[in-house]
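Chains A and B supply the protein sequences, listed in that same order. Take the first sequence: its position 173, counted from the start at 1, is 173 in UniProt numbering, and no numbers get skipped. Take the second sequence: its position 107, counted from the start at 1, is 107 in UniProt numbering, and no numbers get skipped.
Please note that a few of the clues may not be correct.
[As the list claims (entries may be wrong)] Derived, one-sided and incomplete: chain B residues facing chain A with beta-carbon distance under 8 Å:
no., residue
1, Leu16
2, Ser17
3, Thr20
4, Val42
5, Met44
6, Ser46
7, Ala51
8, Gly73
9, Thr111
10, Ala116
11, Ala187
12, Ser201
[What the hints assert, rightly or not] What follows is a list of derived Cβ distance ranges for each label pair:
no., chain 1, residue 1, chain 2, residue 2, range
13, B, Arg236, A, Lys170, 55 to 61 Å
14, B, Val94, A, Arg90, 53 to 59 Å
15, A, Ala115, B, Glu125, 58 to 64 Å
16, A, His26, B, Ala212, 25 to 31 Å
17, A, Leu173, B, Asp112, 33 to 39 Å
18, A, Ala100, B, Val167, 53 to 59 Å
19, B, Thr2, A, Ala115, 32 to 38 Å
Don't read these hints as lab results, they were simulated from the structure. Don't be surprised by glycine CBs; every beta carbon is placed ideally from N, CA and C.
2 protein chains.
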Amino acid sequence: MTNPTAAMIVIGDEILSGRTRDSNMHYLAQELTKAGINLAEVRMVSDDPGAIEGAVRALSSAFDHVFTSGGIGPTHDDITADCIARAFDRAIDVRDDARALLQVHYDRMGTDLNAARLRMARIPEGAVLIENPVSAAPGFSIENVHVLAGVPAVFQAMVASVVPTLVGGKPLLSQSLRVFRGEGDIAGPLGALAHDFPDLSIGSYPFQKDGAYGAQIVIRGQDAAQVDAAMTRLSRMFDA
Amino acid sequence: MTNPTAAMIVIGDEILSGRTRDSNMHYLAQELTKAGINLAEVRMVSDDPGAIEGAVRALSSAFDHVFTSGGIGPTHDDITADCIARAFDRAIDVRDDARALLQVHYDRMGTDLNAARLRMARIPEGAVLIENPVSAAPGFSIENVHVLAGVPAVFQAMVASVVPTLVGGKPLLSQSLRVFRGEGDIAGPLGALAHDFPDLSIGSYPFQKDGAYGAQIVIRGQDAAQVDAAMTRLSRMFDA
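The task is simple: from the sequences and hints, build the whole structure.
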C-alpha cells in the first residue's frame with residue numbers, strides 16, 4: 001500500500017522577504033510523517049492572488065491533500081479564502097455557522113464583531129469548517145484543500161483538528177547512525193546499501209564537529225524489518 | 001524600475017520528512033531583500049529527479065534567477081547536478097577546473113580524492129563555477145540557475161560568492177509599528193491606508209502578549225519618502 005501524499009502552500013510576503021521565519025512547514029512535516037502521510041512538496045508564495053490560485057490548482061490536482069498556511073485574518077492583506085474560492089469556482093460569503101462561532105467568542109471578550117472581523121466568517125460554498133480552539137475564527141476544508149491560519153499557535157491547533165480526520169498510511173520509520181568519517185569515504189558502501197534496499201530511502205547528512213568530518217546516515221522506510229536489516233548492515237560497515 | 005525576481009528550490013527528503021529544519025530559505029530571503037532582488041516563490045521538493053527537473057524548468061522560465069540548495073555532495077542521494085543538466089539538456093562530466101579545486105583541497109587534508117569525491121567535480125556543460133571557501137567542492141551557475149550546497153555554512157558562503165555578482169534593484173525598505181489593539185480593530189483604517197499607498201506593501205502580523213492582542217504593522221516599499229509618509233499617517237491613526 002502506498003501512503004497518501006500531501007503538499008503545503010505557505011502564503012505570505014513576510015516569509016519571502018525574510019522578515020519572518022516560517023515554522024509551520026517544519027511542524028506540519030513532522031505531524032504528517034507521524035500520520036503516515038508523505039509531504040511531497042511545499043510552495044511558499046506571496047500575497048498575490050494569481051500565485052495563490054495557481055499553486056492551489058496545481059497542487060490539489062497532483063496530491064491527495066493540500067494544506068495552506070496564512071492569509072485568513074481580518075485585514076486587507078488576508079486574501080486566502082477568496083483565492084481558494086476562485087481556484088475552485090465557488091461562491092464565497094459570510095456563513096451563519098462561522099459567524100455564530102465568532103459572535104460567541106467576541107461576546108465573551110466584550111469585543112465588537114465589526115465588519116473586519118466578520119470577514120473571517122467568509123467561507124467558500126460547500127466547505128467544511130476546521131475548529132480553531134485558540135481564537136475561534138475557523139479554517140476550512142474544500143475538496144482536498146485544508147485552509148489553516150498562519151499564526152503558529154493557531155496553525156498547530158488546526159492541524160490537531162484536521163489531521164486525525166484524514167486516512168493515514170503506515171508511519172515512516174527511521175533509524176539513524178552518526179559516522180565519524182568524511183562523506184567521500186562512506187559514499188561507496190552507502191550507495192551499495194541503497195542499491196540493495198530499493199524500498200528504503202537512505203540519506204547522508206554531513207556535519208563538521210570539532211574539526212572532524214562526519215555524516216548522519218538516516219534510513220527511512222515503512223517496513224520495520226527492512227529498516228532493521230539495513231541498519232544492522234550499516235553498523236557493521238562502519239564499525240571495523 | 002522593477003526589481004529583478006528570484007525563486008528558490010530547496011531539495012531534500014530530510015526537509016519534507018521534518019527530520020531537518022531548513023534554514024537556507026530564510027537566510028537567502030534576507031540576503032536577496034538587501035540586494036533589491038524580490039524572492040517571489042520557494043519550492044521544497046524531494047530527492048526525486050522528476051520533481052527537481054520540473055521545478056527547475058518552471059521556475060527558471062518564470063523568474064530572473066533561481067537558487068537551489070542541497071544535493072551536490074558525494075553520496076548516492078546527491079542528484080542535483082545531474083537533474084540540472086537534464087533540465088537544460090546539457091551534457092555533464094567531471095570538469096578539469098573543478099577537479100583541480102578538489103585535488104588541492106584533499107591533498108592539503110591528506111585525503112584521497114576517490115571516485116565518490118570526484119562526483120563533486122561533475123559540472124554541466126557551459127556552467128560557471130561558484131566558489132566554496134569552506135569545503136572546496138564548487139557550486140555552479142547555468143543560465144539563470146545558481147546551484148548551491150545544502151549545508152548551511154557552505155550555502156551561506158556560496159550566497160556571498162554569487163549574489164554580489166548579480167544586478168540588484170533598489171533595496172526593499174521597511175518600517176514597522178507595534179499596535180496594541182486586536183487586528184479586527186485596526187483592519188478598517190489599515191485597509192484605507194493600503195488603498196492610499198498602492199505602491200507600498202502593508203502587512204499586519206497579529207500577536208498575543210501577556211493576554212493582550214496586538215499586531216505588528218509592516219510597511220514595505222522602494223521609495224523612502226512614501227514609506228515615511230505612510231508610517232507617519234499610521235502612527236497618527238493609532239496614537240489617539
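Hints, verified against the model:
1. Proximity of leucine 16 of chain B to chain A holds as hinted, the smallest CB-CB distance being about 5 Å (cut-off 8 Å).
2. Restraint check, serine 17 of chain B versus chain A: the minimum CB separation of about 5 Å is within 8 Å; hint holds.
3. Evaluation of the threonine 20 of chain B hint against chain A yields a held restraint, the C-beta minimum of about 7 Å falling below 8 Å.
4. About 4 Å separates the beta-carbon of valine 42 of chain B from the nearest beta-carbon of chain A, less than 8 Å, and the hint is met.
5. With a cut of 8 Å, the hint placing methionine 44 of chain B at the interface with chain A holds, because the nearest CB-to-CB distance is about 4 Å.
6. Annotation: serine 46 of chain B was flagged as interfacial toward chain A, and the flag holds, the nearest CB pair being 6 Å apart, inside 8 Å.
7. With 8 Å as the threshold, the beta carbon of alanine 51 of chain B comes within range of chain A, its nearest partner Cβ sitting at about 7 Å, so the hint holds.
8. The beta carbon of glycine 73 of chain B is positioned within 8 Å of a beta carbon in chain A (closest approach about 6 Å), and the interface hint is therefore held.
9. For threonine 111 of chain B, the interface hint holds, since its Cβ comes within 8 Å of a Cβ in chain A; the closest pair sits about 7 Å apart.
10. With a cut of 8 Å, the hint placing alanine 116 of chain B at the interface with chain A holds, because the nearest CB-to-CB distance is about 3 Å.
11. Because the beta carbon of alanine 187 of chain B sits about 3 Å from the nearest beta carbon in chain A, less than 8 Å, this interface hint is met.
12. Of the supplied interface hints, the one on serine 201 of chain B holds, with its beta-carbon coming within about 6 Å of a beta-carbon of chain A, less than 8 Å.
13. Remark: the range hint 55 to 61 Å for arginine 236 of chain B to lysine 170 of chain A is upheld by a beta-carbon distance near 59 Å.
14. At about 54 Å, the CB distance of valine 94 of chain B to arginine 90 of chain A agrees with the hint of 53 to 59 Å.
15. Between alanine 115 of chain A and glutamate 125 of chain B the beta carbon distance is about 60 Å. The supplied range of 58 to 64 Å therefore holds.
16. Here the CB-CB span from histidine 26 of chain A to alanine 212 of chain B is close to 28 Å, well matched to the stated 25 to 31 Å.
17. At about 35 Å, the beta-carbon gap between leucine 173 of chain A and aspartate 112 of chain B stays in the expected band of 33 to 39 Å.
18. A C-beta distance of roughly 54 Å is found between alanine 100 of chain A and valine 167 of chain B, which places it inside the suggested range of 53 to 59 Å.
19. Between threonine 2 of chain B and alanine 115 of chain A the beta carbons are some 34 Å apart, a value that agrees with the proposed interval 32 to 38 Å.
Hint violations for this structure: none, all hints satisfied.
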